[in-house]
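Residue numbers (numbering that gives the first Met the number 0), protein chains in the order written: chain A, 0 to 311; chain B, 0 to 346.
There may be inaccurate statements among the hints.
[To be verified] Listed next, the stretches of chain B that the computed footprint assigns to chain A, with coverage defined by at least 3 CB atoms under 8 Å from CB atoms of chain A:
| id | region |
| --- | --- |
| 1 | 127–137 |
| 2 | 259–269 |
| 3 | 314–325 |
These are calculated hints, taken from the structure and not from any lab test.
Where is the CB? At the ideal position from N, CA and C, for every residue including glycine.
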Amino acid sequence: MIPPIAVAKAVAYADSLALMAAGITLIYMCTKTFNFAHASFVTWGFYIAFTLTSLYGGSPYYYLPVAFIFVGLLGVAVYVLVIGPLMRRGASPITLMMSTLGVDLVLLSFIQMFTDYLTRVFKLYARKIVLEVYDFDVFGLPGVTFISLVVVVFIISALHIFLVRTKFGTAMRATIENPNLASILGINPDVVYLTSWFLGGGLAGLAGAIASITITGDPTVGSRIVVSMFASSIVGGLYSIYGSVLGGLLIGLTEYLGIMVLAIQLGGWVAVYRPVIPLIALATTLLVYPKGLGGINWSRITVRFKSLVGGS
Amino acid sequence: MELIPPVILYILVDFSVYLIVTLSLNLEVGYAGLPQFGRVLAVLTGALVAGAIPGRLLALMYGLPYGPEYAFYEYNYKVVDTLNTILEKNPLLSITIFIFTLVLAMVLGAVIGYLTSKPAIRLREAYLGITLLAMGDVLMLITYYYTPIIGGTTGVSVVDPFRWTGGARFYVATFTLLGIALLTFLLIERLTKSPYGRVLRAMRDSELVITVYGRDIVKLRTYTLMVGAAIASLGGALYTFYTGSCIASTYTRVTWTFWPWAFMMLGGTGNNLGVMFGVLVFVIVKTLIVMYRGLLAPYVPFDPVWLEYTFVGMAIVLIAIFRPQGLIPEKPIFTIPRKKIEELIKA
Numbered sequence: 000m001i002p003p004i005a006v007a008k009a010v011a012y013a014d015s016l017a018l019m020a021a022g023i024t025l026i027y028m029c030t031k032t033f034n035f036a037h038a039s040f041v042t043w044g045f046y047i048a049f050t051l052t053s054l055y056g057g058s059p060y061y062y063l064p065v066a067f068i069f070v071g072l073l074g075v076a077v078y079v080l081v082i083g084p085l086m087r088r089g090a091s092p093i094t095l096m097m098s099t100l101g102v103d104l105v106l107l108s109f110i111q112m113f114t115d116y117l118t119r120v121f122k123l124y125a126r127k128i129v130l131e132v133y134d135f136d137v138f139g140l141p142g143v144t145f146i147s148l149v150v151v152v153f154i155i156s157a158l159h160i161f162l163v164r165t166k167f168g169t170a171m172r173a174t175i176e177n178p179n180l181a182s183i184l185g186i187n188p189d190v191v192y193l194t195s196w197f198l199g200g201g202l203a204g205l206a207g208a209i210a211s212i213t214i215t216g217d218p219t220v221g222s223r224i225v226v227s228m229f230a231s232s233i234v235g236g237l238y239s240i241y242g243s244v245l246g247g248l249l250i251g252l253t254e255y256l257g258i259m260v261l262a263i264q265l266g267g268w269v270a271v272y273r274p275v276i277p278l279i280a281l282a283t284t285l286l287v288y289p290k291g292l293g294g295i296n297w298s299r300i301t302v303r304f305k306s307l308v309g310g311s
Numbered sequence: 000m001e002l003i004p005p006v007i008l009y010i011l012v013d014f015s016v017y018l019i020v021t022l023s024l025n026l027e028v029g030y031a032g033l034p035q036f037g038r039v040l041a042v043l044t045g046a047l048v049a050g051a052i053p054g055r056l057l058a059l060m061y062g063l064p065y066g067p068e069y070a071f072y073e074y075n076y077k078v079v080d081t082l083n084t085i086l087e088k089n090p091l092l093s094i095t096i097f098i099f100t101l102v103l104a105m106v107l108g109a110v111i112g113y114l115t116s117k118p119a120i121r122l123r124e125a126y127l128g129i130t131l132l133a134m135g136d137v138l139m140l141i142t143y144y145y146t147p148i149i150g151g152t153t154g155v156s157v158v159d160p161f162r163w164t165g166g167a168r169f170y171v172a173t174f175t176l177l178g179i180a181l182l183t184f185l186l187i188e189r190l191t192k193s194p195y196g197r198v199l200r201a202m203r204d205s206e207l208v209i210t211v212y213g214r215d216i217v218k219l220r221t222y223t224l225m226v227g228a229a230i231a232s233l234g235g236a237l238y239t240f241y242t243g244s245c246i247a248s249t250y251t252r253v254t255w256t257f258w259p260w261a262f263m264m265l266g267g268t269g270n271n272l273g274v275m276f277g278v279l280v281f282v283i284v285k286t287l288i289v290m291y292r293g294l295l296a297p298y299v300p301f302d303p304v305w306l307e308y309t310f311v312g313m314a315i316v317l318i319a320i321f322r323p324q325g326l327i328p329e330k331p332i333f334t335i336p337r338k339k340i341e342e343l344i345k346a
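Using the sequences provided together with the hints, build the complete structure.
Next up, the structure:
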């Protein structure tokens, strides 16, 4: 019914959404800031992949690390210039959220200017970007599916090792649990917050660069999917990076494949209402189980399951 | 003949509409402390009412197509043209339909406010903000693609209740809007100085205290969201009547949620007079940018239209960091000393 290539594309989209949601969740856990500028972060990652591929050639995959570092530094700049000063003054979560909206508008305007600049100076057609042509094929399926899966697995493992096995990761978790106590023990919360913004921004840039290989982009691509990003991290529970990755995969697959199934069943006209799906997922999660996927006590469920299986 | 330069009229219209919308936002954010990140939802509701209902009612009265075909672009402009020639000769009908639509917009706005209050009762701060924002986006998306209401991507023309004033149309329309905006200001000023306004502020500062004093927070929140949405919806309906057309893509979260937030933050969150001042300053600066960005165009390698976004975004960030109380901060309300009250009672 659904062609395999569509499933492959859905997986690539879901992978990039998972990385975006992981970034949002990491930043929220550390600094209690719902980062709206994530929309522009993702778009910047998108445009870095596009610009470097168009100007220097090669595969867009070469530029994934560049996108990670550049947008990570953008996150650092946002923290140092805006969020840090506000947090030190004890601003409310609403003020923090609002200020990231302001940052998003500024970054969006910079992307628009940059797009004009690319068009005028380098004669690149930068208002409708399709990088899919640079992708390679694996058994007739787009390579981005496999690369993005590898990236997600790699990122999750790296984050896990970083948070659980390293000293700084432990300090980071301690700061998330209780910033005051952590600072008494000699941990500088500022460094932890800064790191969270670097990693969160970097993940957004990476996700944007991956998304550029599978979806068509323009300067508003980030703000168009920002509802999906937030839905993913809320479905994931906002207090667990693993939960947010699961949430991203779930939302991405449901959104992409769900609308396809509906379009086959009801007709092509439903396709434009695609963003309604993440909204329904978001509302359902908040009303039914606000803790999200990350809040589910998996060990208890597996124990129960085992006892059920053993009992029968 | 030009009595007033068009740019002044333009500023007055923007000022009036944004004043209404920003005041409603200030009631919810500044007074009640609700994270209203979905202001566009109520504004769009008002616009939908004005875009879809008065024209259809008149079409029904005069035997013109009023069903889904009313919104199709092949029919719409012809139908609205015919209706406008009827309205031109009929001031009484024009005024009736104008007032009726505004009242209906406020009622439906209140209904939307009631619906959004359902999750608002259970959710806290940022979660509520995200939910409201997503709702606004989705209503915009649906009305942009669903043709039978306001024509979807083509939009619809809207009947013109000011047509009968002939050449003075833009003056009459502008000053009607300004008058309604100032009335709204007085109404909200009264409302926020009433016991209700004081309870809202107390709720914003400490929900616990209000609960202890026996107030129902759920009811207060619901009521505030309904009043706020009704007023914002009025703003949307007025704007639609003024522009004479209605298309959902005008109502994005940037223009009708973030801009009012910026206006409110500049003027002074929780202070209606400050909000009025903030809206005025912003609208004038925005208009100046629009007027003079053309001069900049030869010197920069991009379209200067984006500077407007940079400006609003920078303003939000800078105000949040350097002057969170806004230009005119909220003032504490002094109660009358006990002695004075006793004197008053005796007298």
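Tested hints:
no. : hint    : verdict
1   : 127–137 : holds (count 8)
2   : 259–269 : holds (count 3)
3   : 314–325 : holds (count 6)
Checked against the numbered hints listed earlier, the structure breaks none of them; every hint is satisfied.
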